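Take these sequences, add in the hints, and give me the full structure.
So you can see what is in the structure, the chains are spelled out below.
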Amino acid sequence: MQGDSQALLSVRNLRIEFPTRRGTLVAVDDISFDISPGEILGVVGESGAGKSLTGAAIIGLLEPPGRIAQGEIILEGERIDNLPYEAIRRIRGRRIGAIFQDPLTSLNPLYSVSRQLTETIQTHLPMNDKQARDRALELLDEVGIPGAEERIDHYPHQFSGGMRQRVVIALALCAEPRLIIADEPTTALDVSIQAQIISLLKRLCKDHGTAVMLVTHDMGVIAEAADRVAVMYSGRIAEIGPVQEVVRAAKHPYTHGLMGSIPHIGHHVDQLTQIEGSMPRLQEIPPGCPFNPRCEDVTDRCRVERPNLQPAEHSEVACHLFDGQTAEVQVNE
Amino acid sequence: MIAFLVRRLLQAIAVMAVVALCAFFMFQFVGDPVNQMVAEDATAEDREYLREQLGLNDPIPVQFANFALNAARGNYGVSYQHKRPVSALILERMPATLELAVTAAIMAALLGVPMGVYTGLRRHGFMSKLVMTLSLIGISLPTFLIGILLIYLFAVILGWLPSFGRGDVIKMGAWESNFLSVSGLKSIILPANTLALFQMTFIMRLIRSEMLEVLRTDFIKFARARGLPNRAINYGHALKNTLVPVITIIGLQLGSLIAFAIITETVFQWPGMGQLFLQAVQVVDIPIMSAYLILIAFFFVVINLIVDMLYYVVDPRLRVDQPAGGGHG
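In order, the protein sequences belong to chains B and X.
Going by the numbering used here, the first sequence opens with residue 1, and the numbers climb by one from there.
Going by the numbering used here, the second sequence opens with residue 1001, and the numbers climb by one from there.
Since the hints were made in silico from the structure, they are not lab data.
The structure presented is a predicted model; accordingly, all values stated were derived computationally and were not measured.
Mixed in with the good hints there might be a few duds.
To be verified - Mimicking DSBU-like on lysine-lysine, the simulated pairs with C-alpha atoms at most 30 Å apart in a straight line are:
id : chain 1 : residue 1 : chain 2 : residue 2
1  : X       : Lys1171   : X       : Lys1186
2  : X       : Lys1221   : X       : Lys1240
3  : B       : Lys202    : X       : Lys1083
4  : B       : Lys130    : X       : Lys1240
5  : X       : Lys1129   : X       : Lys1221
6  : X       : Lys1240   : X       : Lys1129
7  : B       : Lys130    : X       : Lys1221
8  : X       : Lys1221   : B       : Lys206
9  : B       : Lys206    : B       : Lys130
10 : X       : Lys1171   : X       : Lys1083
Said to hold, decoys possible - Facing chain X, from chain B, some residues (calculated, C-beta under 7 Å):
id : residue
11 : Ile59
12 : Arg89
13 : Arg92
14 : Gly93
15 : Ala98
16 : Phe100
17 : Asp102
18 : Thr105
19 : Ser106
20 : Leu107
21 : Asn108
22 : Thr120
23 : Thr123
24 : Arg151
25 : Tyr155
26 : His157
Think of the CB as a built atom: it goes at the ideal place given N, C-alpha and C, for glycine as much as any other residue.
Next up, the structure:
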């Protein structure tokens, strides 16, 4: 694992639980990862794999009864998961921005775009109305809204979906956060708009040196935008590594299956590979490796012993298949 | 905006015309007014003469046209019972009812809105649960019972407040007001509370459920993710989004407060329009009944018009940019 010193965000052994009447459900189970400054980390996985929850936990917006049961979240060397509400509120928007899935519902329909922008700017930065409005105009310009001067006083319903997502991005960038959590930022958009938004996000983050945690279930988006990718399954990280390596040479059988299910232009196949079965529900996660009932390479050990993340080439993989390769280097686990 | 207003005004006029028609037919169906007006030993000629005088022999459409024109001019005929113009009778009583209803509405809104916000935000808090439980009383107890209970407690047992009437009213021109004398103010407390209690609990529960709804929306989550302070989110973003349904309800409730203050007015012997109407019903004083009907309809129409315009102010999505010439229909 990377050293904490250079990481912008460091998530350590995070465990998110939902206490219910029938016992505690573990939605995110002991995951650790780092995000370096300016890096785009893609987080993929099926619905319910825990990727959005991880994002919500980082910005302190887990919805009760969900709670962080264990682990630490460290932003620029400072632990933020146990801060009081006011302190974490000041971090949200200022140091960690967020973009949500549906631009149609992310904006308050009753407030003009300028009001929502200036309100956010003035919450975090010491600016008067004029300065805040100028900054809002700059931001709208920067996210590619034509005629910002005129459009700024419009209301959300007067913008198209793609334009609204640009406004949402402008809102996330208001106070120049070092990290943006983008939770499925393109899922609700038309395919043609998706590419625009992703390249916009990529460009802005490069210009501002902003790191992004890009949560999505779209491998295409990951391949296009991310530097590194974390594959989540049943609340755990199955594989994490540089995007090229994970996409081209997936190691974990789950990632492998995931990649096989994506059609490639120019390669003729009669049938795409599919992974039999479905991800277990939270109350039915099997012991050992959560993927074992669906895995083609399953061994007896997989049914009993939980695999931990371990280095394999430039990636880290949580699979017993890769134990032997690195047995001699395993010192810290 | 202008096109919208014109359209709404036309609708309002249509509604009023229909109500006038109903009021007019009351004269046709609720007995023969001549019976009420002539002496018992009147001859057939006397009756016929009176019919002619009152225009009762004209064709029905002509009668209605006359009726509607008179009504529009504020002329509702002469009360059978009081032998005075109905409009004067109603105008005398209107300030009492309006002061009572508006006081009740303001009390209900001033208490109901913050309580609704509070119980919406802290829905698991002890105070919220207490308030919600108590509010069931306000919702379920009939108004007259609340009135009687209040009278029993504050007028009979404690003797703090008068149990009936308006107290000393001060005249300002044609308007008799409760608000300028101590006894007037004391008199309005019990009936206004009686009338406000249901409305207040109603508004509170409405705001609470709307708040719960709005607080779950994505834009509230996004507002939190942007680090906005709670006060701005709860009282700005969230509360404003509950307003459209709340304005609708408060508007309609104000109409009902005016129209159905009858019960409260009866319990407290409040000399308002409701009492006038009840007395009119007892003696089949049709001019008063029909004028009251038209007047109440008028209040509803005006309040609705105001509510519609408030929507316009609150919700920009309704301010549709109509292309030039798009104002028809």
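Status of each hint after checking the structure:
1. Lys1171(X) x Lys1186(X): At roughly 17 Å apart (the allowed maximum being 30 Å), lysine 1186(X) and lysine 1171(X) satisfy the hint.
2. Lys1221(X) x Lys1240(X): Satisfied, since the Cα-Cα distance of roughly 16 Å is no more than 30 Å.
3. Lys202(B) x Lys1083(X): violated (84 Å)
4. Lys130(B) x Lys1240(X): holds (25 Å)
5. Lys1129(X) x Lys1221(X): Measuring from Cα to Cα gives roughly 25 Å; hence the hint holds.
6. Lys1240(X) x Lys1129(X): holds (24 Å)
7. Lys130(B) x Lys1221(X): holds (27 Å)
8. Lys1221(X) x Lys206(B): Holds. Lysine 1221(X) to lysine 206(B) sits at ~27 Å (cutoff 30 Å).
9. Lys206(B) x Lys130(B): holds (28 Å)
10. Lys1171(X) x Lys1083(X): holds (24 Å)
11. Ile59: At 6 Å from the nearest chain X Cβ, isoleucine 59(B) passes the 7 Å test, so the hint holds.
12. Arg89: holds (5 Å)
13. Arg92: Since chain X brings a Cβ to about 4 Å from arginine 92(B), closer than 7 Å, the hint holds.
14. Gly93: The hint holds - glycine 93(B) has a Cβ within 7 Å of chain X, the shortest such distance being about 3 Å.
15. Ala98: Check passed: Cβ of alanine 98(B) comes within 4 Å of chain X, closer than 7 Å.
16. Phe100: holds (6 Å)
17. Asp102: holds (6 Å)
18. Thr105: holds (4 Å)
19. Ser106: Hint on serine 106(B): holds, closest Cβ of chain X at ~4 Å, below 7 Å.
20. Leu107: holds (6 Å)
21. Asn108: holds (5 Å)
22. Thr120: holds (5 Å)
23. Thr123: Hint holds; threonine 123(B) Cβ to chain X Cβ min 6 Å, cut 7 Å.
24. Arg151: At about 13 Å, which exceeds the 7 Å cut-off, the nearest Cβ of chain X leaves the hint on arginine 151(B) violated.
25. Tyr155: holds (4 Å)
26. His157: holds (5 Å)
Hint check: violations occur at hints 3, 24; the rest are consistent with the structure.
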